[in-house]
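Protein chains: 2
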Amino acid sequence: VEKLTIIKLGGSLITDKKTPLKAREGVIARLAKEIVSAAKTYRGKIIIGHGSGSFGHSAAAKYQTQKGLSSSLSLRKKLQGVSEVADVASRLTKIVVKHLRRAGIPAVAFAPGSFIYADKQKGKRFFVEPIKEALKREVVPLVYGDVVFDKSQGYGIFSTEKVINVLVKGLAKDYQFDRIIYCGDTNGVYGADGKAIPVINSANFSKIKKAIGISGATDVTGGMYHKVAESLKLAKKYKTRILIINGKTPGLLKKAIQGKKVPGTVINSSMNR
Amino acid sequence: VEKLTIIKLGGSLITDKKTPLKAREGVIARLAKEIVSAAKTYRGKIIIGHGSGSFGHSAAAKYQTQKGLSSSLSLRKKLQGVSEVADVASRLTKIVVKHLRRAGIPAVAFAPGSFIYADKQKGKRFFVEPIKEALKREVVPLVYGDVVFDKSQGYGIFSTEKVINVLVKGLAKDYQFDRIIYCGDTNGVYGADGKAIPVINSANFSKIKKAIGISGATDVTGGMYHKVAESLKLAKKYKTRILIINGKTPGLLKKAIQGKKVPGTVINSSMNR
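Those sequence lines, one after another, are chains S and A. Read left to right, the first sequence gives residues 44 to 316 (my numbering). Read left to right, the second sequence gives residues 44 to 316 (my numbering).
By construction, these hints were calculated from the structure, which means they are not laboratory data. A couple of the hints might just be wrong.
Because identical chains cannot be distinguished in the list, a pair is counted as satisfied if it fits within a single copy or across any two copies.
To be verified - Straight-line alpha carbon distances no greater than 20 Å define the calculated SDA-like cross-link-like pairs of lysine to any residue that follow:
#1 Lys-137 / Gln-109
#2 Lys-46 / Glu-181
#3 Lys-60 / Ser-101
#4 Lys-137 / Ala-102
#5 Lys-212 / Tyr-233
Isolated chain S, as found in the complex (with noise of 0.2 Å):
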């Protein structure tokens, strides 16, 4: 069974959160230069995710998307929104793309719309034969939040986070998830004295559960709370671990692929990092 790191390059991280549809491609590229360096001397495949930031949700928001036909705009203008959402929605991926082309990493977008169908907004059905055949060739897939076709409720919003989750789902019998590494604006998961909380497992998360949901660490696919409590479970149910750590410390993702121990927070099953 082979290694497999994930990364996701959050959305508020590459993103310029004051100027809509601007990408922080200084950042994109260092971050492409550190994954390259680290893939020197990491035996294993790599998967890369982004998020939005300011691409995606203003239009998402505008429209209603996450509410899909339930929505109360017109048809019409249900309509138009799922066009210009999944049409916004890989934007910035084509700049993701590029950066990491450039800097030698041959990836390639995987559209979430097109290999996900969902039911209540959950992985109904998935097909993950393209990203097994790209990974086996060397191949870098890229993945986005995106717009994604519902049998309930027409349509809806994949967040990274969700795409991650049907990735580690349809991949688990071929890889083993060394880690899924976060890669966000914040040093971790804010405890209630605003410190990093090292590690979050099953024993301690009920207790630090209050300090996590007043954190100012939020974003719009259901703030941090939600995002370490869905952690746990893929913690758990796949044997690996989730590390949120701040891409804006240059040099630390590159150890986090590494594996080597660097400031944040690690989600895992055991009190161990």
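Got chain S; can you put chain A on it based on the hints?
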């Protein structure tokens, strides 16, 4: 069983042959309006495909993407090529989606590389549930020629025609195909006299084979002969007809969608147009 029309906008029709990576946006906008106009009276669903023209073909030729891993390039070049060609393939798609949406068509692009898995350059497995759901919800799926991963050769190119063939196979249980319209830049399939052959079917195909072979209307993905032979198979197997019309003539596409008689070539399993 609902009705469905598949329209392919030819690459040489919607891109500028002389300038790489330049779309003929005026032509795309006009064709989008014709589709909207026809849809007012056409009682069926629509899927749109587009060729790559001056977008995809030069990069694909440079990296011998069609040959997959059996090409003579270094592994590094091969991998760079896969990333680059897959990236370029969907660039024209963004322009087509923009004009379709402007005309009022809620188009969503589906990435063939994400929903088709090939073997020896043939569709081995495919995943059309998201496209089915989209059609059900009045969304118009848009497909294109793409890099498709392949069990035998690692990867290869799937022309828009091959993608359409996969869709016909995948949707045959749910839809009756009214017609497949190849909207190109010729008046149809030219015979030895330089005029468009009105009807091609099993009865006359063997006679006109030679004339088709020497036609000027060829393209990089196999030429007109291959296109006609594949169309004839499709027409027989799925009881549909394939129209080859000139998209440069305003109004033809609209009439063709509505089922009106238009100049061009009809490929049919019987002698009827």
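So, going through the hints one by one against the coordinates:
1. Proximity of Lys-137 to Gln-109 under the C-alpha cut-off of 20 Å is found in neither arrangement, the shortest distances being 23 Å within a copy and 22 Å between copies.
2. With identical chains, the CA atoms of Lys-46 and Glu-181 are at most 20 Å apart within one copy only, with a shortest distance of 13 Å there and 42 Å across copies.
3. Proximity of Lys-60 and Ser-101 under a CA criterion of 20 Å is satisfied intra-copy only: 11 Å inside one chain copy versus 37 Å between copies.
4. In the homo-oligomer, the alpha carbons of Lys-137 and Ala-102 lie at most 20 Å apart both inside one protomer (18 Å) and across protomers (16 Å), since each shortest distance falls under that limit.
5. Taking the shortest alpha-carbon separations for Lys-212 and Tyr-233, neither the intra-copy value of 28 Å nor the inter-copy value of 52 Å comes in at or below 20 Å.
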